[in-house]
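Participant: So the chains spell out like this:
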Amino acid sequence: MDAVLRIFRGDAQGGQFQDYTVPLHEGMVVLDAIHHVQAHAASDLACRWNCKAGRCGSCSAEVDGKPKLMCMTRMDEFQPSEPITVAPLKAFPVIKDLVCDVSWNYEVNKRIPPFHPKPPEPDGTWRMQQEDIDRVQEFRKCIECFLCQDVCHVLRDHEKKDSFAGPRFFVRVASLEMHPLDVASRTAYLEEQGGIGLCNITKCCTEVCPESIRITDNAIIPLKERVVDDFYDPVRLAWRWLTRRDRAP
Amino acid sequence: MMVVSGELRRPRFGATERRDAWWVAPLLQGLVLASLIAYANWAAFQGTNYHVGGYLSPLYSPLITVDWLPVPPSFIILLPPVLFRATCYYYRKAYYRSYFLDPPACAVAEIRGTSYRGETAFPFVLQNLHRYLFFITFLYLPFLWSDVVHATNFGGSFGIGVGTLIILLNTSALTLYSFSCHSARHLIGGNLDCFSCSAFNRARHAAWSRASVLNERHMLFAWLSFFTVCGADLYVRLVASGAIVDPRLL
Chain S
1 MDAVLRIFRG DAQGGQFQDY TVPLHEGMVV LDAIHHVQAH AASDLACRWN
51 CKAGRCGSCS AEVDGKPKLM CMTRMDEFQP SEPITVAPLK AFPVIKDLVC
101 DVSWNYEVNK RIPPFHPKPP EPDGTWRMQQ EDIDRVQEFR KCIECFLCQD
151 VCHVLRDHEK KDSFAGPRFF VRVASLEMHP LDVASRTAYL EEQGGIGLCN
201 ITKCCTEVCP ESIRITDNAI IPLKERVVDD FYDPVRLAWR WLTRRDRAP
Chain L
250 MMVVSGELRR PRFGATERRD AWWVAPLLQG LVLASLIAYA NWAAFQGTNY
300 HVGGYLSPLY SPLITVDWLP VPPSFIILLP PVLFRATCYY YRKAYYRSYF
350 LDPPACAVAE IRGTSYRGET AFPFVLQNLH RYLFFITFLY LPFLWSDVVH
400 ATNFGGSFGI GVGTLIILLN TSALTLYSFS CHSARHLIGG NLDCFSCSAF
450 NRARHAAWSR ASVLNERHML FAWLSFFTVC GADLYVRLVA SGAIVDPRLL
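Protein chains in written order, with our numbering: chain S, 1 to 249; chain L, 250 to 499.
With the rest of the complex left out, here is chain S (with noise of 0.2 Å):
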């Protein structure tokens, strides 16, 4: 039985999508198609790929409409009756059929303060307990794919690029400030340059995460109330106006 892949063939400037006939075998994914075509049909396809086990997070596009990573995604979930859509990450600027610049992404990650230790125990180490580090071991499962990005209609359909961080680095600022052992606070960088305000938690990057993390429960809304704690809870703020306090460093 064959399957059809309508693959988008373009770059910067624009492009179409092609019809491309692959025979089936079990256990076929999305990603073992788009080598069939490479290797029998189009060459000069392009597709950013590396582990073809979920683990890299290379290999995202969107099949069919939804953001997914083509090596995860296998055919037997589609009629083979239709064509099956493949097309790059639509919040990102094309490179080259499937693979696009996803760079905006790492000059994000540099603006996020890093962690910042407590002073370590007398005898020069620190300690951590598994309740403690817990939480924080769910944001670490991230492989950085970038679907939780690109499905955000914050960043796709309202392109707050410039304001606005997006969910993959919620969930990295959750790691960092719900760590036992990092004291630096990230609520104004949250408030101010990522814009978590901006985030009306719509629950979409929960729905592709291919990791199952909850970003919108875990992550995000535990950030904007802590967000809430030292902007907007008008009894904190009174209290500080009282006691002359500053939020947290």
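If you're looking for bench data, these hints aren't it; they were derived computationally from the structure.
Incorrect hints may appear among the rest.
[As the list claims (entries may be wrong)] Only some residues are given here: those of chain S computed to face chain L with a beta carbon under 10 Å:
#1 Gln129
#2 Val151
#3 Ile196
[Stated by the list, open to error] Listing some non-contacts, in silico: residues in chain S with all C-beta distances to chain L over 10 Å:
#4 Asp2
#5 Trp49
#6 Asp76
#7 Asn109
#8 Arg111
#9 Thr125
#10 Gly195
#11 Arg214
We treat Cβ as the ideally placed atom computed from N, Cα and C, and that holds for glycine.
Guided by the hints, dock chain L onto chain S, whose structure is given.
Facilitator: What follows is chain L alone, placed relative to chain S:
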């Protein structure tokens, strides 16, 4: 090989390459939510048939019996719970998708524009006060549980009717909805970085862990409690008006 013309970024509202029925969930969600809101408003306006025997409609609890108020007491009673739900992190997702179409569904084009302000400007910036609405509505829970006790009082003797069970189900759903709240989870222990640093923090960690289990089902409790509130009101209303007879179970 066949060439199909197409463009990658489509500015048209609703444009998507998704083939599933992405519009069903926001449409159903919007219709059901609108129906529940409409019923609650209608019931709050009635001012009658909300109390019969030991049964009190949750829309009128705690019971206010003064008659000098310019609006029906139910409106004053309902204002904090309504605002609590309006600022609830789950309902925000629901109504931003269903009513504001912002976005209508994941990876479906919405009305584009750079004027988007999210929750940084009035009125949506007020969502940040959700925790205070949690505090206020939390005070309702003892009254609602006392309504459950009153619902077992049949002319001075203990009993259980279908209405008792409905009121118990509603109060349980509202309690679970309150304790699964994201703001409550933050205040209980989510705002700590070190859970093991003191005995008090360890106790808060235990509470936070339980709140986290409930929080995973916050959407379920949000819907369930809205249905049970309206359902309990309807049941009390039907019994009070004589339309049905409350079957006594015990």
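Participant: Tell me the hint numbers this structure goes against, listed in increasing order.
Facilitator: Structure breaks hints 10 and 11.
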